[in-house]
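In order, the protein sequences belong to chains A and B.
Using the working numbering, the first residue of the first sequence is number 1, and each one after it goes up by one.
Using the working numbering, the first residue of the second sequence is number 1, and each one after it goes up by one.
Treat the hints with caution; some may be incorrect.
As the list claims (entries may be wrong) - Example chain A residues on the side facing chain B (calculated, C-beta under 10 Å, incomplete):
1. Ala101
2. Asn120
3. Thr123
4. Val127
5. Asp141
6. Glu204
7. Thr230
8. Gln231
9. Leu236
Said to hold, decoys possible - Beyond 10 Å from chain B on every Cβ pair, some chain A residues (computed):
10. Leu29
11. Asp215
12. Trp265
Read the hints as simulated data drawn from the structure, not as lab findings.
All figures in this text were calculated on a predicted structure; none of them were measured in a lab.
The C-beta atom is built at its ideal place from N, Cα and C for all residues, glycine as well.
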Amino acid sequence: MSKRETDEVTGVETTGHEWDGIRELDNPLPRWWLWVFYASVAFAIVYWVLMPAWPGINGYTKGVMGHSDRAQVAQQLQTLRELRGEGAARLTNATLQEIEADPDLQQYALAVGQSVFGDNCATCHGVGGAGAKGYPNLLDDIWLWDGTLDGIHHTLKVGVRAGVEGTRFSQMPAFGRDQLLTSAQVNDLTELVMVLSRGEGDREAADRARPVFADQCASCHGVTGLGDPTQGAPNLTDAEWLYGASREEIRTQIWFGRNGVMPAWAGRFDDETLKALAVYVHANAGGR
Amino acid sequence: MTVVIDRTKPPEGDPAPKGPRSAAARARGKGDAGGGLYKPRAPIYPKLVQGRWRNIKWILLVLTLAVYYVTPWIRWDRPGDLPDQAVLVDFAGRRFYFFFIQLWPQEVYFITGLLVIAALALFLTSALFGRLWCGYACPQTVWTDLYIYIERMFEGDRNARMKLDASPVSFNKAWRKGGKHATWLAVAFGTGGAWIFYFHDAPSLLRDFWVGQAPMTAYVSCAILTFTTYALAGTMREQVCIYMCPWPRIQGAMLDQHSLQVTYRFDRGEPRAPHKKGATWDGRGDCIDCNACVVVCPMGIDIRNGSQLECINCGLCVDACDEIMVKVGRPKGLIAYDTDAAVAARACGEKPVYKLVRPRTLYYAGALALVGGLTLWGLATRSPMDVHVLRDRNPTFVRMQDGDIRNSYTLKIANRTFEPVIAQVAFGGVSGAELKTPGVEVTQGALALTVEPNQVRTVRAFVTAPSASLLQANMPATFTVQAAGATQVVTTSFLSGAANAR
């Protein structure tokens, strides 16, 4: 404890601390400062009585005002739902095309769509909608199934191979695994697909595969390999490959015939959410 | 030669002072040297004084209060549904209206500029003229003055008030005290009530307020300001300046020997002593130790102790002393607005020098001019339209079926005017690029976007470029937006995907 002394100029005691020759006066606090402290104590006690405060072994003191953060959140969510009611009604009453043409309603639909997309679709299609191997890119103008606004809306409702009635369905056989074709035939078909898509590959082998293609593939993919969006058969002549563009990947797909699944969302979302989602996906794809 | 003047010690051989004492002296006198662990507030009973500075204070009181109460009621015509209030902080609509100026939240730097200007103006006036703000314009001073005026209406002047406080409980005391507090509360309520009009349309809020339809924030703000006005101007007064306000402590750094302050010219006043009529003035100072300066002080100090932290430079002691000096037939200005340098010079028999132009004032004035100029320049050259372009980054580009590459952008176009504008948006920098956005018509390669008044319109814009024109991975590109006679060009880039293998 350093020495307390009285400052000559002011006649006030110092705290006894000294920093580079500067000493601190020990002036008293104003009395009201003390009252503010007492008021805080009183406030705390009133607060303990009114509000949830003290933890116990089985729960906590609830407070007489019955305040609960959880109940408040539930209440606010309810208010939010009521607030959204108006917008939802507008979505329900408008056709998809009307939603897209009304800038105000479109903004609303895009906002709803973005949030729903992030929660439900982004898992497979990616946050930006760019897809991944096995999961279609939703941003380009290449659509396995119908890429119009109504087509997207329908796909969202019924899903793809979702096991519900009316779902979009098609099935590519596993030509290799199920021994529908020999290994050599599959190899030749792979070369043909390479030639169709980008003019590379063994043309001799491709020519060998043409009758096989006509027999086995053309019914869905078309004689020239342009595909058929009514049955979800991809175009084999473009640069877009759902399961990969390399020779190896193309062969694997012919061998195993993978068929992707997308859930049907009709039972999970209400009408206005499905509409908003369709408008969002359509807009993201450039609105073909 | 430097003269060291010690004004902190009482004059030699001074007996225990008679007559009125300053509140500070009374507080010091109680208890031990430190005044105990907590210091009780010594009540201050400022006496009414007449004079030049008092009159200026009355005029400023009326003016500042008038500005405060009247401003929200000034109407200013704006088109459509926009508010017709000249000064309005519209939180719900996220706009700040000030007559012909309208600020958006993202332009908050103008408010920053205004605050810096206010601070620098305070620095400059303090360096030149001392605590003008504290003494005349600070709300704490203005409302305290108003509250003391009300107190005087009910309880009379200084002596009557001291007598009343010392008297036992009686009907007379009760109604005077009750009336005072009731009027104080009414004024406090009026203060809090006027504040909320700055945040909502005043006439409709006034109606809503009384029928219980106003927003909860209005009631809460009004209640808080009623309480603080009543407490700070009624019961706390000088405590706010001494203990709560940081400015008295900061302003020490702004003042110097040449700053104008309320000053007791000790060179003329000392040695002080009571004076009998007709006695000689030879060999003594002009101060007759009548304590007139002490009893009028709203801060409860004795200005003769020199420049003090508590002193708000209100000039009331100047008026009080001048009155006495005229009565005893001495020249006015024993207490006056003066500088330490001038007083020191006079004490040495030299001619006082006043220096308004000093490095300090030049710096403050320069900084003030700079920030003020920048803020004004910013306001004057503010564009009525604001365009932002955000490139999509997930994914960076999309390859179309025919090999074309598409980039997408989010455009935000803000229309700060009060009329709807049609913004013509064109894309440039990549030859053959096609611009489109769902639901918007494209004419001659440009999007025509209608932006509602005082709104931001957000659209996704898709730009598709043929692969033949994509010469490098990252191509510089521009969006040109024309609206309301103004053109704005925003640079961005177009990623061609050339860096990514197919």
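The hints, checked one at a time:
1. Ala101: Holds: closest Cβ of chain B sits about 5 Å from Ala101 of chain A, inside 10 Å.
2. Asn120: Interface hint status for Asn120 of chain A: violated (17 Å vs cutoff 10 Å).
3. Thr123: violated, 15 Å
4. Val127: Holds: closest Cβ of chain B sits about 6 Å from Val127 of chain A, inside 10 Å.
5. Asp141: holds, 5 Å
6. Glu204: Because about 25 Å separates Glu204 of chain A from the closest Cβ in chain B, which is outside the 10 Å limit, the hint is violated.
7. Thr230: violated, 17 Å
8. Gln231: violated, 18 Å
9. Leu236: Result: violated, 12 Å to nearest chain B Cβ.
10. Leu29: violated, 5 Å
11. Asp215: holds, 27 Å
12. Trp265: holds, 21 Å
In the structure shown, a violation is registered for the earlier hints numbered 2, 3, 6, 7, 8, 9 and 10, in ascending order.
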